[in-house]
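Keeping their order, the protein sequence lines are chains A and B.
1 is the number of the first residue of the first sequence in the working numbering; add one for each residue after it.
1 is the number of the first residue of the second sequence in the working numbering; add one for each residue after it.
Since the hints were derived computationally from the structure, they do not count as laboratory data.
Glycine residues also receive a C-beta, built at the ideal position from the N, C-alpha and C atoms.
The reader is advised that the hints may include incorrect statements.
Ranges between beta-carbon positions, derived for each pair [what the hints assert, rightly or not]:
#, chain 1, residue 1, chain 2, residue 2, range
1, A, 312, B, 92, 42 to 52 Å
2, B, 155, A, 220, 50 to 60 Å
3, B, 449, A, 234, 33 to 43 Å
4, A, 233, B, 129, 54 to 64 Å
5, A, 172, B, 182, 48 to 58 Å
6, A, 104, B, 182, 51 to 61 Å
7, A, 196, B, 376, 50 to 60 Å
8, A, 115, B, 449, 26 to 36 Å
9, A, 26, B, 456, 41 to 51 Å
10, B, 133, A, 103, 24 to 34 Å
11, A, 31, B, 129, 36 to 46 Å
12, B, 305, A, 175, 47 to 57 Å
13, B, 243, A, 413, 38 to 48 Å
14, A, 152, B, 456, 19 to 29 Å
Now for the letters of each chain:
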Amino acid sequence: MDTYNPANQKLIEANNILDRINQITKGKPITKWDIGASCSKDNSVQVDKGEAKQMKGSQRSAITVRVWNQEGIVGITSTSDLSDCGLEKAIYGAYQASLYGNKDEIPSFSPLSKAPLPELNRPIKNSIGITKLLELLKDSENKLLAKHPAIKSVPYNGLAESNYERVYINSDGAIREMERSQATLYLYAKAEETSRKPRSSGSLRLALGIEDLDIEGCIAETAEKTISHLNYQPIDTGNYLVCFKPEAFLDLISAFSNIFNARAILDGVSLSKRDSIGKRISVPSFSLYDNGLNPAYIGASSFDGEGTPTKGICLVDGGEIKNFLHSESTARTFGVNPTGHAGLGAKASVGPDWLEVKRSSKYDLENSKYSLKTTKTTFVLIESLNALHAGVKASQGSFSLPFDGWLVKDGEKISVEAATVAGDIRDLLQQIVDIEQEEITTYHGISPHIWVDNLTITGEA
Amino acid sequence: MVEKSTAIPGIVLDNEFSDSRWKQRLESLIGFGSMAGADFVEIFLENTDNVGFLAEQDTITSVNPSFAKGAGIRVFSGKRDGFVSTNDLSEKGLKDALLQALGMLELDIGINKKNAFLGLNNLKDFGSKKNNWLFECPSLEEGCKKILNGTSLLNRKGNHLQARRGSYSRSWQEVLVAASDGTFARDIRLHQSIGLNVLAADGDHRSSIGRRYGTSGKPRQLKEWDPESSASDVCESALKMLYAEYVHAGQMPAVLANKFGGVIFHEACGHLLETTQIERGTSPFSDKIGQSIANEAVTAIDEGDSNGAFGSLSMDDEGMEPQKTVLIENGILKNFLSDRAGELRTGHPRTGSGRRQSHTYAAASRMRNTYIKKGSFKPNQLIESVDKGLYCKSMGGGSVGPTGQFNFSVEEAYLIENGKIGKPVKGATLIGEAKQILPRITMCADDLDLAAGFCGSISGNINVTVGQPHIKVNSITVGGR
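Next up, chain A with everything else stripped away, as it sits in the complex:
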């Protein structure tokens, strides 16, 4: 029989929620309210040596209700129960929470919550169903195993498709709706050779739908990366010239995005201060943008948790901080407009969408020193950083992170057996010695290869 596939139905009705909340709040001591709600449907599969291992499906819903009581104080509650009873209970909970709300910093509706939204132009792709997902993943596993005799298994793998809808509504008349489809493939292979340690590596691909996924590219990249680590050697502890691949550099700079986070600055846990706009934080050749509207950003939303339209923003240009990321509340404190980077909360969180690292206009072409293709000097090429949650002290600036990569000598790449790179992000940004010209689009941002001198690498003895 065909698999049960309930996709392609409307998951969430904004006007219906609006009517129900208006009904529930009628006559209650609530002066205003807003909500963020989402629903999703997902299918995913995992395989093991040609057999289905686990197939998953889910229907999820979530709603966050924010209410302002008669004293103007905010309370919030979240629930997965979108029934009338669930909504009523959430509003009651939010009201109760408002009685303990923070009187010193009261969020309000975003002044841009009714402003026109940017056109994302992301077509919604149809679900293909679990049976086809399984066939595709089995085929991918087979092809990957056939790439090299040393690739013995693909212990971590998954192919998933999802449909997601989100709304933001407030009592001032703002209604925002968006929907998105997304497909994900990850393959993580393990290779083994006699008397050698097993080596592993993986790749990820995202697309709007399964038919757009670069499956062959993911297979080829996983195989290439895994095999390239078979010939490994320990690395001596010391200071090295390091070239970060785009994925690795984006991971690192994202982990320290509190530098540009107005919420963190106000909370005293950022490396920046309120007056840091205009201050130099890196070499002049470095620029950084956040652009949640980039067409390559599969997870893009046209508005943030407070209904503010998403927009691109320059964070660093020519080495100087140009802007911070804001919620409604932090923007009001700084006297600027919100930037579309907030969550929905009694204290709204702030975070980047899609970082783009670029050479600035101050980059001096004549002083270009390094290139992955031509540099003969010994350097360490860092492919990916691991354990960022544990090895980054964002409020201190320090990091110490295990990595996958290679020691490159005279153009020859030798995989590094196990090692850690450590430093301080403020020093690192000043130690950038080159930014390559080619900007590479990854699944979580855009960056060229970034060259940094004098980073400490500890090898495992």
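With chain A fixed as given, assemble chain B onto it according to the hints.
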């Protein structure tokens, strides 16, 4: 609606799954699945009521109640399984989810292949004496006062503090598990955790220190918490680390303090003893039962029944009572941690370790309270045995790669010189591989203690306890500058 409730917002006023009508509904669903040819059908129902709040400096800046209901339905056909989760607990919602799970396994709905399902057993209600737990928890007002007292004490006891934070989270969960082997069990879980964190700054010097205290099944935890000693502990560490120099990288002996020092064993070894890793072929220990994998000083346990410990359970998320599982005894590998799928796919018997974050995850073999047993030495004997090395008083987080290599940051560390604890150093990470490090744990002290933590893995984030006495590792790679 205008009065200030004494209860924490979002509080559930009924215990949803104590209603006997559920049995009939679940039997009907499981019977349907069995007749469609499923070898095994399991339904996990969940009802949660959580609250968290945050104090920054001397203000409550965030109160976040949340509640949820949902079901996870898992169907096995041979060794394959289909899993569907839904927030819709209506009869139709559950039936749709079951149909979807059966469809994934291409089971023929409507054709009665077999029906070995004999109905559910009588309810084993582990939650019957826990129905009032939620109401015995502190009110929001009490909780806020206590946490604000904590941040105020940080201010009094600390120096150069740029940010002070106190947090509290309460997670209440009612679960009902029903399966085609007759399993029918209900439980109520209550987890609470309290955190204190500071960021100290003086010029370019910075240090951030945090501590978490967590329990399960102790509604009065927050009331009984001693903020005075917690604040002293945090402030003392923050000040010591503020002016610490970066440690030099290298290979050296290390003494790891008790409590949260156990996170290394948890991450570097414990995960490799879960049948989810054995299934994948990613554990170097998969064929080592009965063999020496650690120094004979090491005996390691995973259990779910320490009173009040963060990882304790009355039953796991597959309805099985937890066991005390000896993982390693005097260096010899004895057992793996196994769940239902693990038993099916690897043959290792279930240990009451099937755990999941919520109904949106299928259960997987996961750790509970995991620790190295105490030895015979005094902690100072371990320090005195080291000429030049590192004392890791407080560990940060870490991770383990798919082939067992680990990396952990050390939050608070001191050099050991000539058998004495010397100056504080920062930026240290411990790097190694479980297979190589376990034989190098040569001394265990007699001061076993446990610490609460959260573990993220295949079935989501779950509450766990890690622990150990002070231990000495003869030689380990220390990452630094």
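Hints, verified against the model:
1. Judged by the Cβ atoms, the range 42 to 52 Å given for residue 312 of chain A and residue 92 of chain B holds: they are separated by roughly 44 Å.
2. For the hinted restraint 50 to 60 Å between residue 155 of chain B and residue 220 of chain A, the CB-CB distance of approximately 57 Å keeps it satisfied.
3. Between residue 449 of chain B and residue 234 of chain A the CB atoms are about 35 Å apart, so this pair conforms to the stated range of 33 to 43 Å.
4. Between residue 233 of chain A and residue 129 of chain B the Cβ separation comes to about 60 Å, which falls inside the hinted range of 54 to 64 Å.
5. About 55 Å separates the C-beta atoms of residue 172 of chain A and residue 182 of chain B, a value consistent with the hinted range of 48 to 58 Å.
6. With their beta carbons about 57 Å apart, residue 104 of chain A and residue 182 of chain B fall inside the hinted range of 51 to 61 Å.
7. Range check, residue 196 of chain A to residue 376 of chain B: about 39 Å between beta-carbon atoms, so the 50 to 60 Å window is missed.
8. Between residue 115 of chain A and residue 449 of chain B the CB atoms are about 55 Å apart, so this pair departs from the stated range of 26 to 36 Å.
9. About 42 Å separates the C-beta atoms of residue 26 of chain A and residue 456 of chain B, a value consistent with the hinted range of 41 to 51 Å.
10. Residue 133 of chain B and residue 103 of chain A have their C-beta atoms about 32 Å apart, which keeps the hinted 24 to 34 Å range intact.
11. Between residue 31 of chain A and residue 129 of chain B the beta carbon distance is about 43 Å. The supplied range of 36 to 46 Å therefore holds.
12. For the pair residue 305 of chain B and residue 175 of chain A, the supplied restraint of 47 to 57 Å holds, since their beta-carbon distance comes to about 52 Å.
13. At about 41 Å, the beta-carbon gap between residue 243 of chain B and residue 413 of chain A stays in the expected band of 38 to 48 Å.
14. Our hint of 19 to 29 Å for residue 152 of chain A and residue 456 of chain B holds, since their Cβ atoms are close to 27 Å apart.
Checked against the numbered hints given earlier, this structure breaks hints 7 and 8; the rest are met.
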